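Trainee: What follows is each chain in one-letter form.
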Amino acid sequence: MDFTSILSLVIAGLITNNIVLVRSIGICPFLGVSKKLDSSVGMGAAVTFVLVLSSVVCYLLYHFVLVPLEYEYLQTIVFILIIAVLVQLLDIVLKRISPSLYNSLGVYLALITTNCAVLGTANDVIANGYNLLETVVQSVSVGLGFTLALVLMAGIREKMELSKIPKPFQGLPIALITAGIMAIAFAGLGGMTF
Amino acid sequence: MSKAELKETALGGIISNPVFVLVLGTCPTIAKSDTISNAIGLGLATAFVLICSNIFISLLRKLIPDKVRLPAYIVIIATFVTLVQLFVAKFLPDLNTSIGAFIPLIVVNCIILGRAEAFASKNGVLMSALDGVSMGLGFTLAIGLMGAIRQGLGAIGLTLFQKTAGGFIVFGLLMALFNFVFYIINARKTKALFEKGGN
Amino acid sequence: MTKATKDTIKAVIVLFIIALVCVALLAVANVFLKTVPTLDSATASKINTIAPSGVDDATAFSEGYFKLYSEEELASAGFDLKAFNKEKGNATNKVTAVYRVVKGQNAGAFIVESTGKGYYDITMLTAFDEEGKISGVIAKTQTEDKFSGQIFNEDKFELFKQSVIGKSELPSDSELNAVTGATTMSSMRGLRQAVTIATVVIPRLNSVADALEVENE
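Protein chains in written order, with numbering that gives the first Met the number 0: chain E, 0 to 193; chain V, 0 to 198; chain D, 0 to 216.
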């Protein structure tokens with residue numbers, strides 16, 4: 000497999016095609032969890048885990064079950080159910096091995112199911128005709144890109160807690176505008192290709 | 000159902016606007032509000048799925064056991080989303096080219112699952128349908144408004160606003176505006192109550 | 000069996016039934032809502048560009064200069080499109096339609112419509128001459144936008160065309176990359192896959208060419 004194309008996938012997922020700041024997918028958890036730095040890292044890790052597992056499972060199911068049986072139109076139902084099951088599994092596993100992370104994520108753990116980035120990446124992998132290796136690389140880079148966006152946002156929001164912001168802007172509006180400015184920065188880096 | 004409840008549900012799309020107040024379904028709002036046609040297209044597709052899923056989930060609410068209610072809702076919602084996917088691919092190929100990738104993502108639009116959980120699972124079919132229409136239209140109006148603003152700004156040369164960054168900024172500004180308007184309305188209401196009470 | 004287990008089993012059964020009903024509904028919908036290739040005026044104009052009939056687009060369309068073969072017509076001439084796709088195609092590329100110029104200056108020429116997946120779906124129309132060499136290629140649908148523009152902007156696509164026209168096979172990946180400067184990770188891949196499978200199907204079509212109708216009813 001071509002090294003430069005793998006590298007371009009990674010750079011794209013992390014920066015030039017960052018799922019949150021360039022493609023604006025995965026915004027809900029981005030706005031919800033990015034208030035604190037440590038929960039952001041935890042969320043990013045959880046999402047990356049689900050992303051990679053679900054992309055691989057969905058890829059295998061699509062190519063080895065849905066296509067041979069000509070059930071491609073069931074893609075949406077099957078994929079979202081797989082994601083829901085994987086998140087449930089993560090819930091059970093996380094409760095046991097890291098109760099502190101489990102508690103800090105709270106309701107947002109279940110909401111990973113509705114994270115557009117997870118279903119979006121599974122769909123992309125099929126739509127762009129990636130093979131298994133590219134699927135893994137893509138889902139890892141998207142997950143890392145998501146985490147990066149989350150962590151950068153949390154850093155800024157933690158600082159913003161201490162500043163005086165006019166009432167209508169408090170909370171989400173100012174967060175959105177901040178995200179917009181970050182997006183400008185990421186878009187500027189968009190010229191990078193291999 | 001009382002008239003007050005009916006009114007509350009019907010106006011829910013404006014007063015508890017899913018985009019600016021409940022802050023649900025933000026992904027398509029920013030991603031595909033770059034032109035009016037994209038925005039309205041995606042808004043109406045979402046509204047259709049919302050209305051249908053609300054109706055069916057309400058119809059089946061007594062039959063779905065609590066344990067499996069989320070997977071059941073997801074299957075029902077995904078079915079309607081797939082129907083929309085097939086329909087758009089066949090009859091609206093141009094729309095498919097611009098928003099096609101976002102139609103499957105309607106299934107994870109928090110508005111639909113949110114209303115299913117909060118309303119359709121607890122209310123009758125007619126009210127649920129009304130809620131679907133109200134929230135669906137509220138969403139379409141909100142995303143359409145974003146689309147109009149972004150396309151308008153893009154047309155006069157400020158192309159930043161048609162890109163993602165602009166989307167975030169317009170969204171933030173609109174939300175602040177919404178907050179401000181509600182703040183004023185509430186302040187006036189409180190003042191009126193205060194004055195009434197004082198007489 | 001405890002009540003809790005009974006409840007769980009009941010719950011799973013209900014879920015299963017709901018899923019079954021939904022899947023059945025979609026299966027029915029799929030039959031009616033499947034996209035089938037049609038020869039509309041837009042397609043006719045594109046075909047007229049790569050396999051010129053000698054008349055303008057509107058006339059070519061209204062006077063039936065081009066013909067779209069249905070799967071039955073191909074089958075009765077001896078070519079099974081579905082089996083071909085199963086054998087030579089896969090999830091990422093297949094031949095979706097076969098057209099032919101039935102009158103005019105290029106009568107007899109085949110135009111193959113095929114899809115590949117690169118940057119989402121890419122559908123190409125490839126025209127061949129009687130010897131099975133590529134005589135023209137044009138995109139039917141592709142969703143590249145200016146941010147991901149790799150191969151479908153004018154200059155790059157020209158370079159692509161120059162390197163494939165007159166050949167019966169596509170040059171290798173690295174040659175194409177070198178000529179066009181596009182990487183294989185996106186629309187270029189879809190484009191390559193679509194045109195490649197067209198070159199694979201053309202010998203089969205040529206072998207049944209005589210058995211195929213050349214008259215438009």
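Hints may be right or wrong, so weigh each one.
Claimed, not checked - Lysine-lysine pairs mimicking DSS-like chemistry, simulated, CA-CA at most 30 Å apart:
(1) V:K66 with E:K94
(2) D:K139 with V:K61
(3) D:K139 with V:K162
(4) V:K66 with E:K166
(5) E:K163 with V:K66
(6) D:K139 with V:K89
(7) D:K5 with V:K121
(8) V:K61 with E:K166
(9) E:K94 with D:K87
(10) V:K61 with D:K132
(11) D:K33 with D:K9
(12) V:K89 with D:K87
To be verified - Partial selection, computed: residues in chain D whose CB lies under 10 Å from chain V:
(13) L14
(14) V35
(15) L38
(16) F83
(17) D120
No lab work stands behind these hints: they were computed from the structure.
What you are looking at is a predicted structure, and each value in this text was computed from that prediction instead of being measured.
For glycine and all other residues, C-beta sits at the position ideal for the given N, C-alpha and C.
Trainee: Decide, hint by hint, whether the structure agrees.
Mentor: Hints, one by one, checked against the model:
no.	hint	result
1	V:K66 with E:K94	holds, 19 Å
2	D:K139 with V:K61	violated, 49 Å
3	D:K139 with V:K162	holds, 27 Å
4	V:K66 with E:K166	violated, 42 Å
5	E:K163 with V:K66	violated, 45 Å
6	D:K139 with V:K89	holds, 15 Å
7	D:K5 with V:K121	holds, 25 Å
8	V:K61 with E:K166	violated, 44 Å
9	E:K94 with D:K87	violated, 48 Å
10	V:K61 with D:K132	violated, 65 Å
11	D:K33 with D:K9	violated, 35 Å
12	V:K89 with D:K87	holds, 26 Å
13	L14	holds, 4 Å
14	V35	holds, 9 Å
15	L38	violated, 15 Å
16	F83	violated, 23 Å
17	D120	holds, 9 Å
The structure shown violates the earlier hints numbered 2, 4, 5, 8, 9, 10, 11, 15 and 16.
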